[in-house]
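Chemist: Could you build the full structure based on these sequences and the hints that come with them?
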Amino acid sequence: MHVASQILEGAFGAGPALDGWVLFLPAEFASRVQFGWTISVHILFAALSIGLAPFIVYFTWKDVRTDTERFSRLRSFWLKVFAVGFVMGTVTGIPMSFQFGTNFPQFSAVAGELIGGPLAFEAKMAFFLEAVFLGVLLFGREKVSDRTYVLSSVLVGFGAWLSGFWILVVNAWMQTPQGYEMITRNGMEVAKLTDPIAAFLNPRLPWMYVHMINASVISVALLVAGVAAYIVWKKRNAKAWNTALKIAILILIVAAPLQAVHGDAYGRHVENTQPQKFAAMEAHYETGTADLHLFAIPTSPDAIMNPSEENLFAISLPRVGSFLASGGDFDAVVKGLDEYEQNPPVPLVFWSFRIMVGLGFLFIALAFWGGYLTYRGRLADSKRYLRAMIAASPLGFAALLTGWYVTEIGRQPWVIQDVLTTSEAVSTTLSSAEATTSLVAFVVIYIGLVLAALYVLRWLIEDELRDLGVEESADDHWYGPLPEVASDD
Amino acid sequence: MIEPLVIPVDRYLHPSLPEIWFGVVMFALAMYVVLDGLDFGIGMLYATRDDDHDRETMLAAFGPIWDANEVWLIAFGTMLLAAFPDVYSRLLADNYLIALGFVLALLFRGVGPELREQREDEQWRRACDYSFVGGSVLAPFLFGVLAGSWVFSVGALSLPAILTGVGLVAVSAATGAAFLAAKTGPALAEEMRDLGILATIAYLGGVVVLLAVVIWTDAGGAAGTILSAPGIGIVALSVIAGLGGIVLALRDRYRAWLASALALPTLLSVLVALLLYPTIYPATGLTVSDAVVSPLALNLTTVLGFPVLVVVLWYFKFLYGVFSGPIEAEGYGT
Ligand code: HDD
Ligand code: HEM
Ligand code: HEM
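First to last, the sequence lines map onto chains F and B. First residue of the first sequence: 145, per our numbering; consecutive thereafter. First residue of the second sequence: 4, per our numbering; consecutive thereafter.
Just so you know, these hints were derived from the structure itself, not from any lab. All values derive from a computational prediction rather than experimental measurement. Every residue, glycine too, gets a C-beta built ideally from N, C-alpha and C. Worth double-checking, as some hints may not be accurate.
Simulated DEER-style distance windows between Cβ atoms [stated by the list, open to error]: (1) F/594 <-> B/329: 34 to 42 Å; (2) F/350 <-> B/311: 22 to 30 Å; (3) F/599 <-> B/232: 57 to 65 Å; (4) B/53 <-> F/592: 24 to 32 Å; (5) B/53 <-> F/398: 50 to 58 Å; (6) B/311 <-> F/614: 43 to 51 Å; (7) B/287 <-> F/413: 49 to 57 Å.
Below 27 Å or equal to it, Euclidean Cα-Cα: the simulated DSS-like pairs (lysine-lysine) are [said to hold, decoys possible]: (8) F/224 <-> B/320; (9) F/527 <-> F/379; (10) F/287 <-> B/320.
Modeler: Put into structure tokens, the structure is as follows:
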């Protein structure tokens, strides 16, 4: 209980405001939790669409070209997943754009000139494209030519990648704002667009876009591999699913190492542009030379809330932090959190970052292990590997979420770095009662939505197994202790 | 640095660009009200059929188009944000629960039909049907309330706002009925015709009551606009379109009926634009020229956005072309 309230206070800085509440949460606190919660659910479905898009294009193309059972099976299965995920992405996306007005109207008013354009381009260029051609993809197989059909899948995928681009233009600008000047309009300080190229193609954008797209591909490859592993577990010779597993592993072998290499360089970019966030990621409390923690685990419960050096069992490279930050000087002084008046909640940022990076290395290991087994031709026989992949299927999404927590929570107290704080962005007319009501509604409804999506996935897998002629049997669970047979790998 | 690229930095591409953008935003609003209105109508009429075959037919009509139609809402919202950010933020912040209730209603409307197909289970299907129908009634109602309180600068719980909500529900039912009548077989078409006529009468009656209330109370100073020549013209055209539609429906000329039914929400949107202009947020007296963003931002959204908007209209022509045939339970015929 004590830790929970500390986390809440640490995370949202709402300590004093929290004291007085009985029934309703303070409007600012409720708005922030609501935004964080709704975007977390939305991003899961968005990443699903972005990552699944290339698979859909490939399966559709193969199906139309070769007309084999293998690819028509994969196409129809994953297209159903895509359709459900897309609808969920759509219905959770609209509340996102509404919340810019309902909960953060000051943010919209101050940044409207900068963010409105990209958001409108997103709707006009990406959402229409996706929605129109998904209609054709789902309902038009008999009504359009093969060529138009394949083209529709490409356009849907392109739309998903493009919507990611435009929304990240907005978010990247919030991290490294430029191309604007502050003016007064209708009695309010607002940002005026002065240089669109600088503003839209801001320094953070390429980093964020590559990292996010690749993260989505990794997450979906893990999901595909997990589902395939489960079906192969139940039916070793399911041809389509052996193929799917191999394709997913191949993608992971390329994408997972790329993510780590890219993430490392990305980290240095963050250090240069948002030193405060970087200090929080590394729990660098005091200005001075910085060590680099490669690996850290808390030695006591206290260390979770206060991840300072004395509290951690860490493998660190002394002064390498300084070396990296300065580009070659081990004695360079790195700014610590003590330089700032108000800091983000360090533990959340610190541990989120470590979870993401740790999972990233796990994915690399899984990818190469799978590559090795494929090479030896033993992929479908390794129970241990199939189990590991089944267990890992949701972990890509976990890494993706924690990565976003680093980005967004690490930027606090700012919502637009050095321009607007989150508390200034919150609605001034919003009452606690209203904010709490909507928060509760979003929590309840979105939990139902996520559960529904998971059930649908389960039903689709069950249907697929039935279709493959697999009999239900309880003794063949993929979890639990490994069976006695010692010959698997 | 942009100047050489033909985009002026400190003056609008055209002196009336702000007004043009007001028009574009209103156009997106009209597209949304008309097209998603069809979907809402299908959802409401769905509740009147308990025959499984009819229901499948209605879902087949709804499936390929609803999502694309709904994007007009996002286009409307984001273009409002891009051109008039203060209006976007005030409109939503001042109507907090209505706005979020509306998006949640849209959520239920959207996921219901999608989830329904995933399981052959009586109870599951019933729950999904409730979600679909409930969302389809509530969404246009709440959107109407939002629009009413915007246009007439009244609270959400006032008579003009609620009547606007009811009007939007009725007009959506009328267009949905005409759409289904035009696209399905004779048996279902006949049922839709009767319901559609009722909905049209309800809509015309609702509009009369709404206008009477607004003129009586002069909510938001709207009485003058309604009683002006363009105001009277729009109302008269609505009555003609409504009554004409009823006559066409009775003669089983469903395609022509659909055309006149679609005129109703279009005229309603024109009335909204007329009532707002030259202010754009009447409650604060904010005018189009007060609220508009600076020239560079607007010029840029114009140069990059207009061509895309034309392409979008082409997409719709394509989509409705692919799915132009009659609808059966198994999907679209040729
Ligand atoms: C599958 C997901 C995934 C995986 C395996 C990784 N990341 Fe990541 N990371 C993301 C998913 C992600 C993300 C969710 O997509 C973020 C949030 C914002 C962004 O651009 O990408 C992110 C952000 C992000 C940031 C920027 C934070 C900010 O903007 O403030 C850094 C420095 C890293 N990552 C570094 C890494 C490193 C060194 C990894 C080593 C393996 C790594 N990431 C793996
Ligand atoms: C790309 C577009 C995005 C925009 C424009 C955006 C905008 C914002 C805004 C306005 C806030 C301030 C409100 C608040 O403090 O809660 C915020 C915070 C937050 N965002 Fe984002 N966000 C984006 C993406 C994401 C994503 C993808 C995630 C993660 C899954 C995310 C997670 C969060 C969280 C957790 C907070 C709360 C931080 C805190 O209050 O301490 N955001 N973001
Ligand atoms: C706070 C920020 C965000 C807002 C306001 C927002 C808004 C929206 C809206 C309105 C939709 C519905 C579009 C439709 O009806 O077709 C949507 C869908 C989508 N969004 Fe977001 N979004 C945000 C964050 C993100 C992020 C961070 C990403 C990924 C990088 C993303 C990617 C997508 C994608 C791919 C879709 C298409 C639907 C799907 O495929 O699931 N969004 N978003």
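Chemist: Which earlier hints can't be squared with this structure?
Modeler: Structure breaks hint 7 only.
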